[in-house]
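Engineer: Here is what each chain is made of, one letter per residue.
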Amino acid sequence: MQADIDPFELFDLPRRHAVARDLVEARYLELSKAAHPDNVAGESVAERRRAVERASRINAAYRILRDPVLRAEVLVKLAGVDLDSSDPQHGAPHPTQAFLLEMIDLRERLEDAGPAGLPALQREIEDRAEAALDAAVAAISGGDTRAAAEHLVARRYFQRFLEEAEHHA
Amino acid sequence: MPEIDLKDTGALFQIAEPTSQVRAPRRPGRGIGIDLGTTNSLVALAPNGAAPHVLKDTSGSGLVPSIVAYLDDAILVGRAAQALQLEHPERVISSVKRFMGRGLADIDFTHPYHLVEDSPGLLRLDVGPKRLTPIEVSAEILRALKQRAEAELGEPCDGAVITVPAYFDDAQRQATRDAGRIAGLNVYRLLAEPTAAALAYGLDRGGEGLFAVYDLGGGTFDISVLRLHAGVFQVLATGGDSALGGDDFDRALARHLLDRAGVAEPSRLQLEAARLAARAAKERLTEETSTIVRVPALGLAAEVTRAEFEARIEALAQRTIRACRQTLKDAGVRPTELDGVVLVGGSTRVPRIRALVAETFKKEPLADIDPDEVVAWGAAIQADILSGSAREGATLLDVVPLSLGLETMGGIVEKIIPRNATIPIAARQVFTNYSEQQTGMVIHVVQGERELARDCRSLARFELKGIPRLPPSMARVEVTFQLDADALLTVTARELMTGVRQSVEVKPTYGLSEEEVDRLVMESLDHAGEDYASRNTAEARVELGRVLLAVRTALAEVGHLPELLPPAERATIEAALAEADAAMAADAPADRLSKARAALEKISEPFARRRMERALLAGMSGKSLHDIESALADDESLREKRAGHSPELVGPKEP
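Here the protein sequences come in this chain order: A and B. Terminal number for the first sequence in numbering that gives the first Met the number 0: 168, no gaps in between. Terminal number for the second sequence in numbering that gives the first Met the number 0: 654, no gaps in between.
No lab work stands behind these hints, which were simulated from the structure alone. Note that this is a predicted model, so its numbers are computed, not measured. Just so it is clear, CB atoms sit at the ideal spot from N, CA and C, and this is done for glycine as well. Hints are supplied without guarantee of correctness; some may be wrong.
In silico EDC-like cross-links for lysine to aspartate or glutamate, where the CA-CA straight-line distance does not exceed 16 angstroms [as the list claims (entries may be wrong)]: (1) K129(B) to D71(B); (2) K32(A) to E391(B); (3) K414(B) to E162(A).
Here are some chain B residues pointing at chain A (derived, C-beta under 10 angstroms) [claimed, not checked]: (4) G158; (5) Q381; (6) T421; (7) Q481.
Same shape as in the complex, but just chain B (with noise of 0.2 angstroms):
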């Protein structure tokens, strides 16, 4: 029986139990589906057995960008947050998923961010007069997702299902779990994003078979290998790195821009121009094997070719790849015996991922299911059957990623689950007491497979109090380490000799304790109804001050051709951009601002595709690819000066 350093730890108690709220009886048909992605995030519900469909926005678009602004007076999520991003880089926060239930000393990326850590393993950001941490930041995105998904519903939802990525341990797991709950959801589940792929693509293939699921996200790599057979998904192995993914390709790229332009100590704003350069430039070579890469921050204009772009990739490619044969190892299927595998993800868009994951997995990967969107729809079919609505229930046995350990004497781990062990799962070990003064004892839990608890994860650090005074060795303390189906893990202990329950303290050593979170949860309730108005009005103002701002710079650039546009069309225009500019002055109602988007959008629309159109003739007639590529870079070295005007329309205004 393994003997621990015991201490006495003194007589406060609380019991560490599963949040038990108090159940209302369910919506059926009210679940929603939430993908949260490192850099997009999208919602999508598939009620009472419909197909899945992600929520669009008004312009069409599912993914809502994975962004915050702080704002004095407001609070913004997706593209109206993005609009503001170069120019209010420490207001606005980006891939916050990287920050979740890690410390300050987990942080290896670059990042325009202040970091502090008050107290070990809790890290928050500056931003603005806030000091937040990622939870109340991801609480945001979600909050948002949640308005957009109850405007569809026309009433509250029931439950939410949040996808994590597979590999997430638990201290990741449980700050996704809290900003759920600060975010006023009733948080069903949370599903592995490969497992809610499995589900969106095998219920839709009459789910029987072996299959891997490669997902490469903005921030995060997931392998996992599968079963489908008689209505179960049972996850075999899964594996993966929870900070790799096509953020990292981004950042490769940019490096090299830096270096090409010979930018030794590069700015904050150089930085940032610099990763979205690349960003634009990766996608670009998605298609083309060469591109035109313009940096005006950088004094840069060069061609980058896809040959570059891979060499400069391939060593993270390499990672995934190892991964992904370790994975096949410990399922023990061998890549021959799968019938399928999955691409997830926007950043296995990339050529050589795709002829990777070929020659790996010796098979054409499957991509029908838009790998934006199939995550999300997995999830949203979760939770149309955990709101217990009519649709025949698919069983998802899902496994712990990494082992789960105990730090013994010298340090050494005693791992008591293994990884892939499926969950729900449950261990037991008995301690017992050195001398008749100890009451407690602290169990100090990780994650891992490595020898030494340093090496590993730290998840926790469990105290027993309350434990009954016995000769040494006599007393008997059986402590349960129970492992949920969303692989998060509760400690409960039971002294033997008297059958008493012992109290639990736990002490994450990453995250918020339950009574932060309390706190949050009563503070979000409290600022409901106001950040929702105030969050309409602020995004309506950004979004019509882009127009605005696009319309004029058209205006000043060709609007004297008359081919363009003719002088009574231009009239019409200006009286547009009037009422627009009157409605921004009197700090109007999101109602009224939107409505002058729409009005200015419609009125300037045939001057916007008469230029498009000038763009695209110039471009077909004759010209080599490097002139069209030309033109177009040019383009848009125009619209990066031209973001660089939005200052003046957005923002709190001057008293």
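Isolated chain A (complex conformation) (with noise of 0.2 angstroms):
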């Protein structure tokens, strides 16, 4: 998805985590009322591209507000790390040895697990992509980009896993 927005600017939303639905939902209405390729459907082939591309940012930029994950990490990248890239200076930071081993346990609890466990071990890695998302988001608050951006990676991971998980079941 496109990743090159504001969307904070976009909706004239102050640039932090916690935002107001209803403000978004309002915002979000106004501007796609306006920027409808409906609305240019009798103007030129420029014209007509130029609203479809007004309308798909618009719309990007709904998905990531409504989303607390991808706000998160839309304002991670705002502040200078790009989580989808692997450069070292601007990219997703590295997670830590300890972190991809324990990593590496999961899976094995997961072959272990069963069906029987399956379904409580699912619970203890949701709740564990929760309070990474928290911790990203308090991160964000306190300015410090770097661990933000760590916390996030780690969400990422255990979301990873919880996918797998369900192909287990």
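Bring the two chains, given one by one in their own frames, into a single complex with the hints.
Structural biologist: So, in structure tokens, the structure goes:
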């Protein structure tokens, strides 16, 4: 998805994690009404293409603003760390050795769990993913971009683990 | 960054662009709305802010059967084509919508047609000497609707909104758009059917609230959850099945009839007869709890109860309910939060469906706008808006029904746009090269929710060409996947190092290439004039033929009863018949044929009325429902027999 826009700026919202849902919805409707390609149905091809691009940016921003994870990730990106990049300076920080060993351990637990033990394991990892997101949000408010990025990377590992666990079920 | 297998693909340059026609100024109030249905199609107008109305033919019918007959010298659409269906099944195509955007392997329902797949993914139907794509067949229906609209407008229309099931994938939508172009229409927009219905209801009710639209048509099922607020119609989620509809109910009941008749290997004619009898029985079972079904072709006369019918369709009905529950979940809405649920489509008249919908959504469904017309109304309203009329606009925020993904190494799908994302929406991916020799790459785009590309629906292969030669992993090709407001995909590419736009050649998996569509558009423009005249004449011949047969048969059966037909009146009827015969024999133009038909209908009307009264009186004097149905069924089988008489009155003249 497009991650090169600043959804907060587009929606005229302060750049912080907490957002007022009602405000996001109201702004979305206003922006969509004004930018919908149908408004320029009679114009030139170039004008219509611009409208499609404008509407796409608004829809992408809306999707980000409604999702607490995407919101956190874009805030971290705007502060200089791109979690989708492997660039050593501006990309996602590498997880620690300890963390990677933990993930290996979790994988073994998944294998051993069997259908009986699976739900409990899933709940445990869901809690950890939630906790990672909370920690990231706290780090963002505290201005510590690096720490936030690390927590979000951890959260992604947990997310991927949960997706794989689904297929084990 | 995902690395895709690249290969050198040569030097041809073709750019994939959204169709760039030179824009002539719009003509406000001349937009038309078309509901292109599986079983029936409609065209409606709502010019310059007026309330929508469906255009009707001379007999007051707004529904045009989605049936096309290919005769040697003319192409017929609608009821005229329908009249020829039983005797010439190989020349008459119905439910063509079920073939749009599909390949041979997708067709898993019974049908009487001979299908071929010349090139993989491009289905064609053999119709007499012709081999046609479903797109061309649909174009004939659209052309007929366009003519009906222009007859009413008195001048050419500016453009059309054509509705599609919300659950239609990219290939099915593209096929619909192509059909519109070939029919000579400027397609403003493809509009999702549930959204169109919501538009018609929403504006009707001063639009605010959360609504579900349950749309069960002849061949497709859609469920959409929408929020209406401040003039914005926002689809929150959509789901459905583009191969499930009332036709399947007919087929299920037809199988029941075939079982009852003990017919193990039915012929094509028997299958058709069973299906038509099943459809009629299904409709009767909406009002009655049991009905007599007679199918002479199967040697069957049996009673079918509503309970038996419901048992046969229960699995199908439950499939729709599962889709409803999933869509509510996707929308994040509980049934109790909905302000209403709207029923769309003729098949929602089935009592079991209504009961299931009420139970699932925990409220009585709304059906006060005619479920057959509501979609066309919505299309007409949006067409009016897009024609530039002064009507206050409504903003329609629709969603893509299926996730869009790329096939990566090992056949795994990487999702780039999730289902239910509001459109227009774009996704970008950056690709790199493996070796310096590589100047192109192929991206395979699929639609669907599964993990593996082969389990998803293949959309197209996009070939990128002209990537500059760079050391391995140095090229940065940014590919943009853009879904427009019709949910149609356009792919563009740019090499980031040089900033150069790449050329992208589109190879759709199912459907016609841009060049093939252009060619068909040109061909149809050439033939537009001739087609119109010959179609009119052929239709008039068929209509007159029907009336001639009906009157002659009635005369033969009861014309000798003086209380039904006084001799003097019989003489005037015979005179009208003679004129009709003369017009047919003289190969007269449409005008004379229509006049003869109108005269014959008028003159024989009192006779027809008396026969009807006689039948009703016989039915009502102390007879049981069983006997009345029996008597009516007798009439029906008599009509079926009569239908078999038409061939010698229509069709090409022998040299």
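Engineer: Indicate, hint by hint, whether the structure satisfies it.
Structural biologist: To see whether the hints hold, each was checked on the structure:
no. : hint               : in the structure
1   : K129(B) to D71(B)  : holds (10 angstroms)
2   : K32(A) to E391(B)  : holds (12 angstroms)
3   : K414(B) to E162(A) : holds (14 angstroms)
4   : G158               : holds (8 angstroms)
5   : Q381               : holds (8 angstroms)
6   : T421               : holds (4 angstroms)
7   : Q481               : holds (7 angstroms)
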